[in-house]
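A.B. asks: These are the residues of each chain, in order.
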Amino acid sequence: MRSTFFRILIIAVFIAALGLASIYSSTYQKEGPWQDLFGRQLIWLVIGLICFIFFCGFNYRRLWDFNYLIYGAALLTLFLVFILGITRLGAQRWLKFAGFNFQPSEFAKLAIIIFLARYFSRKSVNDTSLLSRKFGIFQGLILPFICVAVPMFLIIEQPDLGSGIMLLLVFIFLLYLTDVRLKYIWMLLGLLILPVPFFWHFLRDYQQQRLLVFLNPNIDPLGAGYTIIQSRIAIGSGGFWGRGWLSGSQSQLYFLPESHTDFIFATYSEQWGFFGSCLLILLYFFIVRQGYLIAQRTQDTFGRLLALGISLLLALQVFINIAMNMGLAPVVGLPLPLMSYGGSSVIVTFIALGILVSIDRNRNVF
Amino acid sequence: MDRKKILSFIIILMFGLLVFGLANLNLWQGKKFRKLSDSNCIRLIAQSGCRGNILDRSGQIIADNRISYDLMVLPQSSDEMERIFSGVSRILKLAVKDLKVEFKKNFVSVSLPVVLARNIELSKVVLLGEYKAEEPSIIIQAQPLRHYPYGALASHVLGYVNEIDRWRLTKLEDYGYKTKDIVGFGGVEEKYDYYLRQEEGGVSVEVNHRGKFTRVLGFESPQNGKDVELTLDLNIQKIADENLSGRKGCIVVMDPRNGQILALANYPNFNPAVFVNKRPALISGLFNNPDSPLINRAISSSYPPASIFKLVLASAALELKKVNTLTSFLCPGWTMIGARKFSCWDVHGAQNIQQAIAHSCDVFFYKTGLLIGAQNIHDYAWKLGLGRNLGFDLPYETSGFIPSPLWRKINKFQNWFDGDTANLSIGQGDCLVTPLQVAAMMSVFANRGFLPVPYIIKAVGGVDLTAKKTKLIPLNFKKNTLDIVCQGLRAVVSDSQGTGNALASLTVTVAGKTGTAQVSRGTTHAWFAGFFPYDKPQYVICVFLENGGPGHAASIIAKQVIETMFTQGLI
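Chains V and D, in that order, are what the protein sequence lines are.
Going by our numbering, the first sequence opens with residue 1, and the numbers climb by one from there.
Going by our numbering, the second sequence opens with residue 1001, and the numbers climb by one from there.
In case anyone wonders, no lab produced these hints; they're calculated from the structure.
For glycine and all other residues, C-beta sits at the position ideal for the given N, C-alpha and C.
Straight-line distance between alpha carbons at most 25 Å, and here's what the computed BS3-like set of lysine-lysine pairs gives: (1) K1004(D) / K134(V); (2) K1004(D) / K123(V); (3) K1005(D) / K134(V); (4) K1104(D) / K1093(D); (5) K1100(D) / K1278(D); (6) K1132(D) / K1097(D); (7) K1097(D) / K1212(D); (8) K183(V) / K1005(D); (9) K1278(D) / K1191(D); (10) K183(V) / K1004(D); (11) K134(V) / K183(V); (12) K1180(D) / K1100(D); (13) K1458(D) / K1468(D); (14) K1226(D) / K1180(D); (15) K1383(D) / K1468(D); (16) K1005(D) / K123(V); (17) K1469(D) / K1383(D); (18) K1471(D) / K1191(D).
A short list of chain D residues far from chain V (calculated; beta carbon distances all over 10 Å): (19) E1080; (20) K1248; (21) D1291; (22) I1337; (23) N1376; (24) A1504; (25) R1521; (26) Q1538.
Quick list of the computed label-pair ranges, beta carbon to beta carbon: (27) S1077(D) / V13(V): 37 to 43 Å; (28) I1012(D) / F82(V): 36 to 42 Å; (29) L212(V) / L1172(D): 44 to 50 Å; (30) F82(V) / L1017(D): 32 to 38 Å; (31) G190(V) / F1009(D): 21 to 27 Å; (32) L1017(D) / L212(V): 19 to 25 Å; (33) L1017(D) / I193(V): 20 to 26 Å; (34) Q139(V) / V1019(D): 37 to 43 Å; (35) I146(V) / I1012(D): 28 to 34 Å.
Chain V with its partners taken away, still in its complex shape (with noise of 0.2 Å):
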């Protein structure tokens, strides 16, 4: 039990060090507003800790009883963000607080997890059974899905359609882990997946060129294109051992552009190498695989499906902008969980953290 809490913990702080290393490699040359970013990450950081340490704490049952809470919260603060958010960079993804800039969809993909594990995870008043094993298809399909897709619908028109997409995987897998009827899924999918040429025309110009680079990055190597060809460029150019700790030319001489949020992988990538970075992965995969294991010896099915949602969540994400780094998928707006420069997503990923840990400790509980 303590023994997941310090390993999650020394992950954790590993990977958070490495980010930061990254940002202040990518920031420590430019002027301004840059020098900060740090200071401030490391604040982030400090704020995430606490956070992380008072949900091990936290008995994660209660998260159940605070559920229509939590997901009330979430749904609030993003039409907060739809009326009075700040634009940057062309997105209205931020509410300020207190001085603070707060990303209501960082916080809204771990609110919406827990809504379906509860959702998923209640049982017949009779014979303690999982309802879920007979749900038909509004209760299976219907209801849940309207449940996040309003979120979900929020969340792109800000727009921000990585979270979107990001909040829709993790609803399929949930959908799928829990002993929902195939048929039901693949109805699902075909739903989504048919209408595909028809939202098309829904998807703001840039998101459009997104993803038509994506498909070639050359057809506007200086536009759309650029940032993906830079960032492979810086990638490729680390070779095995890397360019060494603040000698990357790509992410230092500003050719990569967001190389501190989105981008820092591309960073890290170019000072590390295949090698640091092939660590880098190993280690996300070991937190992932905690998640996993914790799922796994976890009997209370609550407790099981929000430990499933939050490793996938945390993979999904990882899996995302690292091949969106990498050219392997398109460029969506999406941090790299405790590297990208962010607070918002650092606190959000170690209260999920958190809770894993408080999902291991309390298994047996009752």
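Position chain D against the provided structure of chain V, taking the given hints into account.
C.D. replies: Relative to chain V, chain D alone:
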């Protein structure tokens, strides 16, 4: 629980895919991306050294370099460029529009600096230097440009410099020449380009994503080209150029003792500076001029030698003992050869060989020529350096031509007649020689029997080459032969009836021979070839005037040259 296993499998697959993608970028394509990364942020700013100077025999500069300042800029994002354009236009007083046009014209790639303005005045360079402090992406480059302090002086010896052409590039690529290189065309500039050529150095700088300068990475200093020292004597060259001015033709002054060219003047000439300053109108004027000012007449075109050729006959006849000092022919003004009447330019009466040389009697040499035979004439002309390449060290030397019966038979399927021999005897017909060959031939008589191989390069990069040049070629003529011909040559000037009598009034004793070459169209070519001082020859001079009238005209020019040389104390 089956579904969980599948999920864990999917997750492992995802991470595996990431590692695979990473290996693809880092390990398999790593080299390519490393290169791309470097070309992203490293810019090379070339800095050329000075082309080697061209000096005269005493080390005075004939062609050197002056510093011109160019303004270059590292290509950047458009708003940055906008700012630089306006800043530069304020300083240089040029319209922003023109600067943009220039930028577009010279733009090669994002990774190369672009020239915005050339040849900037020094006062503006200082202002730009101050501007550079706030805009480090502009580059003020000192560019050495070829400079000719004497303008068109000796232009045919020097040649000119210009951007390399396709033909030269394909030949010289393997020697490290690149497109847009400045190379020599014609003259010393071309022949010794490899030595004169500077080596480029440069600065490598790092730029950021907008092309903005961040820091200097390294510097490799450019290497200057080697100086080439010529055998030319700047003073004599000036005299030759001045006296020739306005007359189409050339003057060669040579040291008969070793074959060093002391002056080589051509007219019409050109100012090589027009190629440096890139004046398209003037350049195309040079190429289109019917008088072909770019041709080095002394070596690259050949003319009938006319009476100058009589020296070949005289030496051949004496060597072959066909005539001696007692032999004399009567010149009634004409003679019959076969059925054809060959006339002389005057009626000379009885002439011995010295008189015949002095008066340039055609009849004497018709008859002597017939005695010697055409093949012998050809062989002696060849011996004396006519009709063949002398191996001169400027490019585009032509060999000229001496006909012979054998050549006529093989190439034209025609027989050789006595009339042809007679024509050849007075240097007409198919016979063609270059002024340089005439000067070399005259040296044989000046130095008593040695054919020099003329050369003009004295030293390259401080290494004296004179010792390595081919030594004088002994012709093994009898002393008697040379004495008689030389006396004849002296008589040309000293005899009151001599064709070169115009030079008799000079303090310096000159010996020489005039020539008047008939051409198919237009005025005759005028020749004068001679040496001086007679007793101890130091100089051989050959004056050739294309369509310049009778030989007398050439002897007048020679007289002026020698006179000026004397008054300047050069003799």
